[in-house]
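A.B. asks: Letter by letter, the chains look like this.
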Amino acid sequence: MALIDEGYLEFSELQEKQKLPDAERFQRGPVAVLECIQQIPCNPCEAFCPFGAITVGSPITNLPVLDAKKCKGCGTCVAKCPGMAIFVVDKSYSGTKGSVSFPYEYYPLPQAGDEVAALNRKGKAVGTGKVLKVTNPASFDHTPVVTVETDLSLTDEVRNIKKGVLK
Amino acid sequence: MGMRVDHHVVLDVRDKRKTVTILVDGKPVEAREGEPLLSALLAAGIKINRYTRRFHEPRGLFCAIGQCTDCAMVVNGQPNVRTCIVPAQDGMVVETQDGLTRKETNL
Amino acid sequence: MILEKDVVVIGAGPAGLAASIEAAKAGAGVLLVDLNLKAGGQLFKQIHKFFGSRAHYSGTRGYDIGRKLVREAESLKVDVWLQSTAVGVFPGNKVGIERILDGGVKKLYTVHGKAVIIATGASENAVCFKGWTRPGVMGAGAAQTMVNVNHVRPGKKIVMLGSGNVGLIVSYQLMQAGCDVLALVEAAPKIGGYAVHAAKISRAGVPIITSHTIVEALGDEKGTVRGAVIAKVDSHFQPISGTERTIECDTIAIAAGLRPVVDLTRLMNCASVFEPVFGGFIPLHNTDMETSVKGIYVAGDSTGVEEASVAMEEGRIAGTAAAQSLGYLSAAEAGKTKKLLWERVNSLRSGPFGERRLTAEKNLLEHFREEIREPQPEIMIGGLAHGAD
Chain S
1 MALIDEGYLE FSELQEKQKL PDAERFQRGP VAVLECIQQI PCNPCEAFCP FGAITVGSPI
61 TNLPVLDAKK CKGCGTCVAK CPGMAIFVVD KSYSGTKGSV SFPYEYYPLP QAGDEVAALN
121 RKGKAVGTGK VLKVTNPASF DHTPVVTVET DLSLTDEVRN IKKGVLK
Chain C
1 MGMRVDHHVV LDVRDKRKTV TILVDGKPVE AREGEPLLSA LLAAGIKINR YTRRFHEPRG
61 LFCAIGQCTD CAMVVNGQPN VRTCIVPAQD GMVVETQDGL TRKETNL
Chain Z
1 MILEKDVVVI GAGPAGLAAS IEAAKAGAGV LLVDLNLKAG GQLFKQIHKF FGSRAHYSGT
61 RGYDIGRKLV REAESLKVDV WLQSTAVGVF PGNKVGIERI LDGGVKKLYT VHGKAVIIAT
121 GASENAVCFK GWTRPGVMGA GAAQTMVNVN HVRPGKKIVM LGSGNVGLIV SYQLMQAGCD
181 VLALVEAAPK IGGYAVHAAK ISRAGVPIIT SHTIVEALGD EKGTVRGAVI AKVDSHFQPI
241 SGTERTIECD TIAIAAGLRP VVDLTRLMNC ASVFEPVFGG FIPLHNTDME TSVKGIYVAG
301 DSTGVEEASV AMEEGRIAGT AAAQSLGYLS AAEAGKTKKL LWERVNSLRS GPFGERRLTA
361 EKNLLEHFRE EIREPQPEIM IGGLAHGAD
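Residue numbers (my numbering), protein chains in the order written: chain S, 1 to 167; chain C, 1 to 107; chain Z, 1 to 389.
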């Protein structure tokens with residue numbers, strides 16, 4: 001398994017271990033993608049979801065299960081997950097572009113409008129992205145959530161950005 | 001780029017402490033009052049704290065919490081002071097230690 | 001003169017603070033001693049959000065948990081002595097404490113605690129490759145202390161050794177502080193820590209190089225680190241000649257696990273065993289966290305290296321049991337609290353990562369029940385040998 005051998009998830013591994021929202025749900029708007037695939041004792045995603053869309057239950061080592069119907073893609077879980085393993089993906093707003101929101105705790109923070117290199121789960125640049133927004137309310141407790149727009153085809157791959165602005 | 005962490009997304013790294021001056025092997029070095037001496041030394045790019053007694057090999061920061069003694073120096077004339085847990089105060093005289101005394105070649 | 005206290009707690013990390021809080025809450029007079037300038041142990045360098053459930057402060061950053069515990073201890077009038085080193089524990093629960101007073105004057109105190117809780121934590125293991133003593137080679141925890149507590153980078157270009165949670169988390173935190181982490185090297189064929197921590201540094205571009213180790217720290221003309229020579233290892237973790245390559249760096253951080261600090265329980269001849277799952281030699285304890293010596297309790301990493309969340313729960317159990325032994329809590333009250341706390345500890349030891357620890361803990365408790373039965377009022381001569389068989 002690439003995740004424990006190399007430290008990153010192959011998308012196929014993720015699909016095996018987690019039930020992802022279906023294509024129809026992705027069409028309806030932003031939705032959480034839980035990339036939590038190891039049974040560790042942890043449940044803040046469940047505790048903090050304002051819509052009750054994530055269930056861990058008992059025992060606390062259960063993998064979280066997303067009810068994609070209840071999920072509004074608000075991103076609270078993205079900032080709350082101690083493992084930084086939750087992302088919000090939006091494939092709905094254009095036929096060619098989509099967006100990915102991810103936790104980003106490095107200085108300097110990007111700014112809306114920045115053109116950046118979009119990185120995949122291995123940290124490899126797979127394309128370019130445009131920062132749409134950086135959300136960092138007090139309730140996120142210093143875990144800013146960055147939303148970056150990329151090609152629609154990259155939204156299942158892009159999970160980070162490279163420090164610094166392109167050009 | 002200095003060695004101090006001036007920006008951080010999670011931590012509040014603004015430092016309101018007074019800047020003081022310590023004397024390291026005869027040269028003035030800036031320190032934040034109350035920070036471990038070792039921090040001020042590292043911030044100034046000083047990585048060697050002492051030399052071993054028999055082979056005179058250099059030693060520096062290893063545990064940072066007062067357990068290992070690799071960062072021991074001569075402070076205000078007293079040898080074997082663990083610089084990672086001793087707070088910096090204005091005018092402190094800090095010397096590289098060689099064996100059990102200060103290293104003469106530094107003077 | 002000997003000072004008298006209901007409970008003396010040694011070590012003001014998560015375990016010691018939690019123990020003090022529970023004992024004080026029950027009404028016991030508590031003295032908490034710690035050799036550092038600040039209470040909180042290593043919590044203040046844990047700047048990440050904790051796992052667990054709400055009862056374990058999940059989603060809260062370590063330093064916020066530290067502040068909360070320190071405030072709670074203060075509000076409960078726990079007597080906290082900082083810059084105070086417990087230099088010995090002697091028969092009859094007497095604790096020798098060297099305290100640094102204002103102006104740097106050292107004074108030696110003897111305090112008699114009706115109960116003594118030892119929560120001295122753990123220390124980092126080293127890996128002895130060629131050149132490992134060079135300035136620039138350090139414990140991962142040391143690097144973490146420098147950036148997160150002292151706000152100074154230990155170096156600019158880092159190579160990390162060890163892919164347990166400490167190696168993974170500290171690599172991430174060094175990057176947060178502006179360091180470049182060039183590689184994380186792991187001798188085992190697989191990553192040791194949580195995959196989510198590995199994923200965080202992977203997507204930042206840090207290569208995790210498994211089945212490799214560091215064979216040498218290269219030095220510059222002054223003797224400080226200028227590079228790490230890494231090599232592939234065989235199935236016995238021996239470096240394979242000819243596979244060496246050099247990574248230029250100024251810092252090598254070693255995350256090779258921790259071992260319990262057991263000096264004080266050894267002084268008291270508390271029956272001990274060797275348990276690799278918990279990091280080495282540890283004092284045995286019963287479900288009250290009491291050792292083979294009556295009135296001497298243990299909690300946290302000093303009785304087995306785990307996470308701070310576990311240390312806090314163990315501390316709470318020890319504090320509750322100590323208060324009960326002094327009559328501040330009825331058996332029924334204390335029993336109820338302890339049961340709940342054990343459930344919380346066990347939940348932290350559940351799942352594939354916790355299983356080994358859950359089983360090891362079960363065996364240790366059984367060992368205690370069968371061979372020690374009841375804590376003994378006097379020093380058990382040869383206690384160490386007895387436990388080590």
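Quick caveat, the hints were computed from the structure, so don't treat them as lab data.
We put the CB at the ideal spot given by N, CA and C, even for glycine.
There may be inaccurate statements among the hints.
[Claimed, not checked] Okay, derived cross-link-like pairs now, DSS-like style, lysine-lysine, Cα gap no bigger than 30 Å in a straight line:
no., chain 1, residue 1, chain 2, residue 2
1, Z, Lys130, S, Lys163
2, C, Lys16, Z, Lys77
3, C, Lys103, Z, Lys190
4, S, Lys130, S, Lys72
5, C, Lys18, Z, Lys232
6, S, Lys17, Z, Lys156
7, S, Lys124, Z, Lys130
8, Z, Lys156, C, Lys27
9, S, Lys130, S, Lys97
10, S, Lys122, Z, Lys77
11, S, Lys162, Z, Lys130
12, S, Lys124, Z, Lys157
[Said to hold, decoys possible] Estimated spans, in silico, between C-beta atoms of each pair:
no., chain 1, residue 1, chain 2, residue 2, range
13, Z, Cys128, S, Gln111, 33 to 39 Å
14, S, Lys133, Z, Ser241, 33 to 39 Å
15, S, Gln27, Z, Pro352, 57 to 63 Å
A.B. asks: Is it true that the CA of Lys122 of chain S sits at most 30 Å from the CA of Lys77 of chain Z?
C.D. replies: Status violated; Cα separation ~51 Å.
A.B. asks: Does Lys130 of chain S pair with Lys97 of chain S here, judged by a C-alpha cut-off of 30 Å?
C.D. replies: Between Lys130 of chain S and Lys97 of chain S the Cα gap is close to 11 Å, so the pair holds against 30 Å.
A.B. asks: Decide if the proposed pair is consistent with the structure: Lys162 of chain S and Lys130 of chain Z, CA atoms, cutoff 30 Å inclusive.
C.D. replies: 35 Å, violated
A.B. asks: Are Lys124 of chain S and Lys130 of chain Z close enough, with their CA atoms no more than 30 Å apart?
C.D. replies: With Cα atoms ~33 Å apart, Lys124 of chain S and Lys130 of chain Z exceed 30 Å; violated.
A.B. asks: If you check the beta carbons of Cys128 of chain Z and Gln111 of chain S, does the distance land in 33 to 39 Å?
C.D. replies: Violated - the Cβ-Cβ distance for Cys128 of chain Z and Gln111 of chain S, about 47 Å, lies outside 33 to 39 Å.
A.B. asks: Note whether the CB distance of Gln27 of chain S and Pro352 of chain Z lies within 57 to 63 Å or breaks it.
C.D. replies: Violated, at about 36 Å.
A.B. asks: Is the straight-line distance between the alpha-carbon of Lys130 of chain Z and that of Lys163 of chain S 30 Å or less?
C.D. replies: With Cα atoms ~35 Å apart, Lys130 of chain Z and Lys163 of chain S exceed 30 Å; violated.
A.B. asks: Could you tell me whether the CB distance from Lys133 of chain S to Ser241 of chain Z stays inside 33 to 39 Å?
C.D. replies: 53 Å, violated
A.B. asks: Within 30 Å, alpha carbon to alpha carbon, are Lys18 of chain C and Lys232 of chain Z?
C.D. replies: Violated - the C-alpha atoms of Lys232 of chain Z and Lys18 of chain C are around 49 Å apart, more than 30 Å.
A.B. asks: Given the hint that Lys103 of chain C pairs with Lys190 of chain Z, test it: the Cα-Cα distance must not exceed 30 Å.
C.D. replies: 46 Å, violated
A.B. asks: Going straight from one Cα to the other, do Lys17 of chain S and Lys156 of chain Z come out at no more than 30 Å?
C.D. replies: 38 Å, violated
A.B. asks: Next pair to validate is Lys156 of chain Z with Lys27 of chain C; report whether the Cα-Cα distance is within 30 Å.
C.D. replies: Holds, at roughly 24 Å.
Violated hints for the displayed structure, listed by number in ascending order: 1, 3, 5, 6, 7, 10, 11, 13, 14 and 15.
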